[in-house]
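A.B. asks: So the chains spell out like this:
There are 2 protein chains.
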Amino acid sequence: MSPERIEEAAIQLFSEKTYPVVGMRDLSDAVGLLPGSLYVHINKKEDLLQRIVEKGIQRYLDAIEPVVESDQTAPERLRGAINAHMRVLAGSLQQTRVAFHQWTYLAPTGKRRVVKLRRRYDALFSQIIDEGIEAGEFRAVKSARVTVLAIIGMLNSATEWFSPTGELTAEQVAEVLADGVLTGLVA
Amino acid sequence: MSPERIEEAAIQLFSEKTYPVVGMRDLSDAVGLLPGSLYVHINKKEDLLQRIVEKGIQRYLDAIEPVVESDQTAPERLRGAINAHMRVLAGSLQQTRVAFHQWTYLAPTGKRRVVKLRRRYDALFSQIIDEGIEAGEFRAVKSARVTVLAIIGMLNSATEWFSPTGELTAEQVAEVLADGVLTGLVA
DNA sequence: CCTACCGATCGGTAGG
DNA sequence: CCTACCGATCGGTAGG
Chain A
1 MSPERIEEAA IQLFSEKTYP VVGMRDLSDA VGLLPGSLYV HINKKEDLLQ RIVEKGIQRY
61 LDAIEPVVES DQTAPERLRG AINAHMRVLA GSLQQTRVAF HQWTYLAPTG KRRVVKLRRR
121 YDALFSQIID EGIEAGEFRA VKSARVTVLA IIGMLNSATE WFSPTGELTA EQVAEVLADG
181 VLTGLVA
Chain B
1 MSPERIEEAA IQLFSEKTYP VVGMRDLSDA VGLLPGSLYV HINKKEDLLQ RIVEKGIQRY
61 LDAIEPVVES DQTAPERLRG AINAHMRVLA GSLQQTRVAF HQWTYLAPTG KRRVVKLRRR
121 YDALFSQIID EGIEAGEFRA VKSARVTVLA IIGMLNSATE WFSPTGELTA EQVAEVLADG
181 VLTGLVA
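Top line first, the protein sequences correspond to chains A and B.
Counting from 1, position 87 in the first sequence corresponds to residue 87 in our numbering; the numbering is continuous, with no gaps.
Counting from 1, position 61 in the second sequence corresponds to residue 61 in our numbering; the numbering is continuous, with no gaps.
Derived from the structure by calculation, the hints contain no laboratory data.
For glycine and all other residues, C-beta sits at the position ideal for the given N, C-alpha and C.
There's no promise every hint is true.
[To be verified] One side only, chain A facing chain B, incomplete, derived with CB under 10 Å:
# : residue
1 : Lys142
2 : Trp161
3 : Pro164
4 : Asp179
[Unchecked claim] Below, simulated DSSO-like cross-link-like pairs (lysine-lysine); rule was C-alpha separation at most 30 Å, straight line:
#  : chain 1 : residue 1 : chain 2 : residue 2
5  : A       : Lys116    : A       : Lys55
6  : A       : Lys17     : B       : Lys44
7  : A       : Lys116    : B       : Lys55
8  : B       : Lys17     : A       : Lys45
9  : A       : Lys142    : A       : Lys55
10 : B       : Lys111    : A       : Lys45
11 : A       : Lys17     : A       : Lys44
12 : B       : Lys44     : A       : Lys45
13 : B       : Lys44     : B       : Lys111
14 : A       : Lys17     : B       : Lys17
15 : B       : Lys116    : B       : Lys45
16 : A       : Lys111    : B       : Lys116
17 : A       : Lys45     : B       : Lys45
18 : B       : Lys116    : B       : Lys17
19 : B       : Lys45     : A       : Lys55
20 : B       : Lys116    : A       : Lys17
21 : B       : Lys45     : A       : Lys17
22 : A       : Lys17     : B       : Lys111
23 : A       : Lys17     : A       : Lys142
24 : A       : Lys17     : B       : Lys142
25 : A       : Lys111    : B       : Lys142
26 : B       : Lys17     : B       : Lys45
27 : A       : Lys45     : A       : Lys55
28 : A       : Lys55     : A       : Lys44
29 : B       : Lys45     : A       : Lys44
30 : B       : Lys142    : A       : Lys142
31 : A       : Lys44     : B       : Lys17
32 : B       : Lys44     : B       : Lys116
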């Protein structure tokens, strides 16, 4: 038994039932140990959540940061960031479900660490939008902040409705989303 | 003590800490009763959640249905629906937080009732999009389904970031969102 | 609406 | 990694 296998089982269980509802006995059943034996490998339940959340967000930072720093136009970078987001999402769907919604169950110290990571994620999209408006590539929206929050909210919502077995691949979904964000719905 | 006052306290507590983490003792403290005395007024904890969720979604149906059925163009109705959504959101922010995210804690029977309501909400936006494409008022998006899910996801995300004390009113946020959805970001 | 309490389950630990 | 168990807390109830 490795801490990694316990973490994988925890990702599965937390994503299905949420952190407070998953008991250490559910987790020990899932990996084939008795409840007390889990503590040979981990310190406490909350440490599992902390690691799952931090690594889960880090995947997005690693994928999106290079896109934002590239020398493409703002519309191209936004399209690229949306594509990167959807590819990470498809590759770590359950972990994302835990990372984006369940960090709120962490104690204040752990929560602060997560908030910092979330701010970095947020800042990536902010940068594209701000630079695009500055360069005249995007129109002067009435609120850049709300625009960023809306785009991120839209992307995060895919966590709930994207299906790896659905009709569209992650890349195809990204294309629909990017088209919508860039050119809108009106004919 | 009325069941309504208990329900209000439950909305507040569930929205702050989520259903499984709120104990009946938290709730009884909030309304000034002893834990056992709550059961004079309610049957069980889950009934509270069920009612909060159903009424919470119903507010959205009541506000958006007339907009969808009106005889405006699809772009006008989409703008109206987004506006209606944001006004309900601002008027019942905490209840919305419970209704949109915590219905998953209900037992299967209750969950089925909620899924029906959610489908009706979903169908309202689907109808506008489908009719708008049909009428040539919207461009032929690559996936109407993903488009609808993205718009709803964006609106639902406002539940997490909208602040009644923020710079923009709900109506102003709705305008930014509708502009974005209808005409996109590109200059 | 309170007193007093129920059985079940929780995260976690001592000792081997 | 198991045995055996801890104190705390959970939703809920009987009887007044």
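A.B. asks: Give a verdict on every hint.
C.D. replies: A quick look at each hint next to the structure:
no.	hint	verdict
1	Lys142	5 Å, holds
2	Trp161	5 Å, holds
3	Pro164	15 Å, violated
4	Asp179	7 Å, holds
5	Lys116(A) x Lys55(A)	13 Å, holds
6	Lys17(A) x Lys44(B)	21 Å, holds
7	Lys116(A) x Lys55(B)	36 Å, violated
8	Lys17(B) x Lys45(A)	18 Å, holds
9	Lys142(A) x Lys55(A)	35 Å, violated
10	Lys111(B) x Lys45(A)	28 Å, holds
11	Lys17(A) x Lys44(A)	19 Å, holds
12	Lys44(B) x Lys45(A)	29 Å, holds
13	Lys44(B) x Lys111(B)	16 Å, holds
14	Lys17(A) x Lys17(B)	16 Å, holds
15	Lys116(B) x Lys45(B)	22 Å, holds
16	Lys111(A) x Lys116(B)	35 Å, violated
17	Lys45(A) x Lys45(B)	26 Å, holds
18	Lys116(B) x Lys17(B)	26 Å, holds
19	Lys45(B) x Lys55(A)	35 Å, violated
20	Lys116(B) x Lys17(A)	21 Å, holds
21	Lys45(B) x Lys17(A)	18 Å, holds
22	Lys17(A) x Lys111(B)	14 Å, holds
23	Lys17(A) x Lys142(A)	39 Å, violated
24	Lys17(A) x Lys142(B)	33 Å, violated
25	Lys111(A) x Lys142(B)	39 Å, violated
26	Lys17(B) x Lys45(B)	15 Å, holds
27	Lys45(A) x Lys55(A)	16 Å, holds
28	Lys55(A) x Lys44(A)	17 Å, holds
29	Lys45(B) x Lys44(A)	29 Å, holds
30	Lys142(B) x Lys142(A)	28 Å, holds
31	Lys44(A) x Lys17(B)	21 Å, holds
32	Lys44(B) x Lys116(B)	23 Å, holds
Of the numbered hints listed earlier, those contradicted by the structure are 3, 7, 9, 16, 19, 23, 24 and 25.
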